[in-house]
Each structure stands twice: as C-alpha cells, then as structure tokens.
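Undergrad: Each chain, written out:
There are 6 protein chains.
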Amino acid sequence: MPIITAEGPKIDDLEKRKEFVKTVTAAASKYFNLPEESIIILIKENSPENVSVGGILISEKDTKNND
Amino acid sequence: MPIITAEGPKIDDLEKRKEFVKTVTAAASKYFNLPEESIIILIKENSPENVSVGGILISEKDTKNND
Amino acid sequence: MPIITAEGPKIDDLEKRKEFVKTVTAAASKYFNLPEESIIILIKENSPENVSVGGILISEKDTKNND
Amino acid sequence: MPIITAEGPKIDDLEKRKEFVKTVTAAASKYFNLPEESIIILIKENSPENVSVGGILISEKDTKNND
Amino acid sequence: MPIITAEGPKIDDLEKRKEFVKTVTAAASKYFNLPEESIIILIKENSPENVSVGGILISEKDTKNND
Amino acid sequence: MPIITAEGPKIDDLEKRKEFVKTVTAAASKYFNLPEESIIILIKENSPENVSVGGILISEKDTKNND
Numbered sequence: 001m002p003i004i005t006a007e008g009p010k011i012d013d014l015e016k017r018k019e020f021v022k023t024v025t026a027a028a029s030k031y032f033n034l035p036e037e038s039i040i041i042l043i044k045e046n047s048p049e050n051v052s053v054g055g056i057l058i059s060e061k062d063t064k065n066n067d
Numbered sequence: 001m002p003i004i005t006a007e008g009p010k011i012d013d014l015e016k017r018k019e020f021v022k023t024v025t026a027a028a029s030k031y032f033n034l035p036e037e038s039i040i041i042l043i044k045e046n047s048p049e050n051v052s053v054g055g056i057l058i059s060e061k062d063t064k065n066n067d
Numbered sequence: 001m002p003i004i005t006a007e008g009p010k011i012d013d014l015e016k017r018k019e020f021v022k023t024v025t026a027a028a029s030k031y032f033n034l035p036e037e038s039i040i041i042l043i044k045e046n047s048p049e050n051v052s053v054g055g056i057l058i059s060e061k062d063t064k065n066n067d
Numbered sequence: 001m002p003i004i005t006a007e008g009p010k011i012d013d014l015e016k017r018k019e020f021v022k023t024v025t026a027a028a029s030k031y032f033n034l035p036e037e038s039i040i041i042l043i044k045e046n047s048p049e050n051v052s053v054g055g056i057l058i059s060e061k062d063t064k065n066n067d
Numbered sequence: 001m002p003i004i005t006a007e008g009p010k011i012d013d014l015e016k017r018k019e020f021v022k023t024v025t026a027a028a029s030k031y032f033n034l035p036e037e038s039i040i041i042l043i044k045e046n047s048p049e050n051v052s053v054g055g056i057l058i059s060e061k062d063t064k065n066n067d
Numbered sequence: 001m002p003i004i005t006a007e008g009p010k011i012d013d014l015e016k017r018k019e020f021v022k023t024v025t026a027a028a029s030k031y032f033n034l035p036e037e038s039i040i041i042l043i044k045e046n047s048p049e050n051v052s053v054g055g056i057l058i059s060e061k062d063t064k065n066n067d
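Chains as they are written, first to last, in the working numbering: chain A, 1 to 67; chain B, 1 to 67; chain C, 1 to 67; chain D, 1 to 67; chain E, 1 to 67; chain F, 1 to 67.
None of these hints come from the bench; they were simulated from the model. Just so it is clear, CB atoms sit at the ideal spot from N, CA and C, and this is done for glycine as well. A hint or two may mislead.
[As the list claims (entries may be wrong)] Computed far set for chain E versus chain A, every beta-carbon distance over 10 Å:
hint, residue
1, Lys16
2, Lys30
3, Glu36
4, Lys44
5, Pro48
6, Lys64
[What the hints assert, rightly or not] The calculated lysine-lysine pairs, modelled on BS3-like cross-linking and capped at a C-alpha distance of 25 Å, are:
hint, chain 1, residue 1, chain 2, residue 2
7, F, Lys30, A, Lys22
8, D, Lys44, C, Lys44
9, C, Lys44, E, Lys30
10, C, Lys10, C, Lys22
11, D, Lys61, A, Lys44
12, B, Lys44, C, Lys44
13, C, Lys18, C, Lys30
14, F, Lys18, C, Lys44
15, D, Lys18, E, Lys61
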C-alpha cells in the first residue's frame with residue numbers, strides 16, 4: 001500500500017507507460033511519505049464501447065466524429 | 001465526476017447498453033444535481049469463472065444447472 | 001451480482017437516494033437480464049478536498065467561485 | 001453484499017480458484033456475520049505489463065530476472 | 001500486489017478482523033502462489049443508507065423489519 | 001475519463017495534496033494523450049485498522065513498533 005488505479009483507454013506505448021508509472025510512483029511516495037517500493041499502480045484498460053460520458057458511449061462519439 | 005462503475009456479466013447487445021447508460025446518466029444527473037455531461041459510466045465485464053456467489057463460481061453453477 | 005458503484009459528492013436527501021437506487025436497479029436488471037433482487041448498489045461519498053478535476057481539487061474550485 | 005474483489009495475476013488453475021473462493025467466502029461470512037449466499041467475490045486478472053511495484057512494471061522486473 | 005478489497009457493513013470487533021485478514025491473506029498467498037508479505041487487504045465500511053439490494057436501501061429494509 | 005483512484009493513509013497536508021493531484025494529472029494527460037481537464041482523481045483515505053499487509057493490520061504493526 002498505497003495503491004493507485006488508473007482507469008483509461010488502452011495505450012500500447014510501453015515506453016510511455018514506464019514513464020507514467022515512474023512519475024506517479026515518485027509523486028505518490030512524496031505525498032504519502034512512504035518508500036517508492038510500497039507504491040503499487042494498476043492500469044485498467046477500458047474499450048470505448050464500455051465507457052460513456054454524458055450518457056453516450058465513447059465508441060458512439062467516435063463514430064459521429066468520423067462521419 | 002460523478003463516476004458509476006457497473007460490474008456484471010458480458011452483454012453484447014449494443015442497443016441495450018446505449019439505453020442503459022442513457023437511463024443511468026439521467027438518474028445520476030438528477031440525484032447528484034450535476035450536468036449529464038459530467039457523468040461517467042464504466043462497464044466492467046466479468047466472465048462466470050471469475051465470479052463466485054455463496055462460495056461457488058458462477059461457471060460451476062451454470063454447469064450444474066445444465067446437467 | 002451485478003454490482004453498481006456510484007462515486008460522487010455527498011447527497012443528504014434520502015428520498016432522492018431511494019429514487020436513484022430504484023431507477024438504477026430497474027435499468028441494471030433490464031440491461032443484465034437479471035432479477036432486481038440480484039442488483040447491489042454501493043454509494044460512495046467523496047468530499048470536495050479529496051477529488052480533483054483538471055488537476056485542481058474541487059474544494060479549491062469552490063473557493064475560487066465564491067471569491 | 002458483502003463484495004470481495006481480488007486483484008492479482010492471472011491464475012489458470014480452476015481447482016485452486018474453487019478452493020480460494022470457498023475459503024474466502026467462509027471467512028467473510030464469519031467476519032460479517034452474514035450468510036455465505038450473500039458473499040460475492042470478483043476475481044480481477046492483471047497482466048504484468050499493467051502493474052507496477054516501486055515504479056517498475058512487473059513485466060520489466062520479470063525480464064530483468066530472466067537476463 | 002495482490003490486493004483484496006472487502007466491501008461490507010462496519011464491523012467493530014477487532015479480534016474478528018485480525019482473524020479475517022489472516023485467513024484471507026493465507027488463502028490469497030496460496031491461490032496466487034505469492035508470499036503473504038505481498039498480500040494487501042483493504043476493508044471498506046459501508047453504512048446501510050448507502051447500500052441497496054433489490055432497489056431498496058438496506059437502512060429501509062432494517063426499518064421495515066423492526067416495525 | 002480517465003479516472004485515477006489513490007488508496008492510501010489519510011494525509012492532512014492540503015498543499016502536498018494540491019501538488020500531488022497536479023503532478024499526477026499532468027502525467028496522466030501525457031500518458032493517455034487527453035486534456036488535463038478530462039482527468040479525475042479520487043483520493044481514498046484508509047485508517048490503519050482497516051488495512052492489512054502480510055496478514056497483519058497496519059494498526060497492529062504500529063503498536064508493535066511503539067512497544
């Protein structure tokens with residue numbers, strides 16, 4: 001503990017992910033005043049047809065934007 | 001924010017999902033007294049072999065029901 | 001199961017909450033094609049100093065709006 | 001309700017999973033003083049490239065250990 | 001990691017909680033084949049007016065049972 | 001969306017929290033390639049008697065360390 005969960009779209013760029021977890025781990029270690037080794041990050045990938053904003057699935061918004 | 005997370009079995013019917021997020025978004029907007037545009041819904045699909053009720057995996061219950 | 005978790009600000013109006021859980025339960029029952037009795041809703045209250053949008057705590061936004 | 005969510009690596013052994021949910025359900029029933037039938041367990045599988053400990057993705061740790 | 005989250009009613013009995021986390025940690029260690037030291041458990045207390053089952057707040061069910 | 005949830009001990013320092021959400025929001029915006037305005041962070045405070053590591057409540061570990 002502490003545990004950070006990041007819910008967002010799927011990001012394939014492994015280098016960006018390495019940088020993201022490194023930055024967030026350092027920020028969490030500083031905030032919680034706990035060693036970096038105790039910081040866990042879970043990255044949760046969500047597909048656009050399983051997320052809605054304002055009552056509309058993101059997959060629907062994407063389709064409308066491409067029409 | 002607000003954020004509604006719906007954990008349940010996988011449902012493939014896109015039209016039903018569109019209706020579900022529309023109804024829940026309207027209900028959440030009314031309850032939290034916040035604009036629909038601020039309401040996020042995450043739909044999380046769970047396979048039956050990863051969920052238990054009463055100590056038995058749902059996939060096991062299904063198998064017993066089909067015997 | 002299914003389980004719906006609603007993360008949002010604290011709402012004290014019990015009648016509104018009863019209506020909210022009733023509407024969302026009916027929508028979830030219809031979507032997941034499962035009996036209402038199986039639908040669980042967890043309401044999670046978040047105080048404005050523990051939520052940020054766009055990198056700013058909601059409590060800070062409120063303060064700025066009242067200046 | 002109650003609901004137990006187990007976030008961890010993917011485990012394919014179905015017999016071990018049956019035993020796990022059985023043990024945890026009994027422990028939860030005893031702790032919450034509620035019938036086993038009311039205990040729900042969700043098992044969430046995380047791939048090593050989506051989890052970090054100490055700022056390093058578990059997939060990276062595995063690679064270093066195998067060099 | 002792994003991380004177990006237990007959502008349920010508030011239980012004040014500290015001895016029961018110690019036993020609960022011990023049992024669940026041992027079960028998780030065995031299931032995930034990881035050392036007990038790596039198992040984290042978060043216990044989340046929910047008040048009955050913030051949980052609904054079957055569209056009815058648990059606090060309402062309690063009231064009806066006591067009439 | 002995206003949504004970052006930070007589970008950890010209660011931290012009272014508001015300035016540290018402002019800095020934390022600012023840093024994590026910038027990192028998430030860069031990682032997900034989405035505007036900062038779309039990044040939501042929920043900070044969840046856990047008391048030591050509701051968290052266990054290695055099967056022991058953190059409140060118990062603290063007591064042992066102070067003996």
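Undergrad: Decide, hint by hint, whether the structure agrees.
TA: So, going through the hints one by one against the coordinates:
Its beta-carbon lying about 21 Å from the closest one in chain A, Lys16 of chain E satisfies the requirement of being farther than 10 Å from that chain. The beta carbon of Lys30 of chain E is kept farther than 10 Å from every beta carbon of chain A, the shortest such distance being approximately 20 Å. Even its closest Cβ contact with chain A, about 15 Å, leaves Glu36 of chain E beyond 10 Å, as expected for a residue assigned away from the interface. With a closest Cβ-Cβ approach of about 13 Å to chain A, Lys44 of chain E is found to remain outside the 10 Å limit, as its non-interface label requires.
Distance to chain A confirms Pro48 of chain E as a non-interface residue, since its nearest Cβ pair spans about 26 Å, more than 10 Å. Under the 10 Å C-beta cut-off, the non-interface status given to Lys64 of chain E relative to chain A holds; the minimum distance is some 33 Å. The hinted pair formed by Lys30 of chain F and Lys22 of chain A meets the criterion: a straight-line CA distance of about 13 Å does not exceed 25 Å. For the hint linking Lys44 of chain D to Lys44 of chain C, the alpha-carbon distance of about 21 Å falls within 25 Å, and the restraint holds.
For the suggested pair Lys44 of chain C and Lys30 of chain E, the alpha carbons sit about 32 Å apart, so the restraint of at most 25 Å is broken. Taking the CA atoms of Lys10 of chain C and Lys22 of chain C, the gap is about 18 Å. The hint holds against a cut of 25 Å. A C-alpha spacing of about 19 Å is found between Lys61 of chain D and Lys44 of chain A, which places the hinted pair at or below 25 Å, so the restraint holds. Straight-line distance between C-alpha atoms of Lys44 of chain B and Lys44 of chain C comes to about 18 Å, which keeps the hinted pair within the 25 Å bound.
With a C-alpha separation of about 19 Å, the suggested pair Lys18 of chain C and Lys30 of chain C falls inside the 25 Å cut-off, and the hint holds. At roughly 22 Å between alpha-carbon atoms, Lys18 of chain F and Lys44 of chain C fall within 25 Å of each other, so this suggested pair holds. Of the pairs offered as hints, the one joining Lys18 of chain D and Lys61 of chain E is violated, with about 32 Å between alpha carbons and a cut-off of 25 Å exceeded.
Hint violations for this structure: numbers 9, 15, all remaining hints satisfied.
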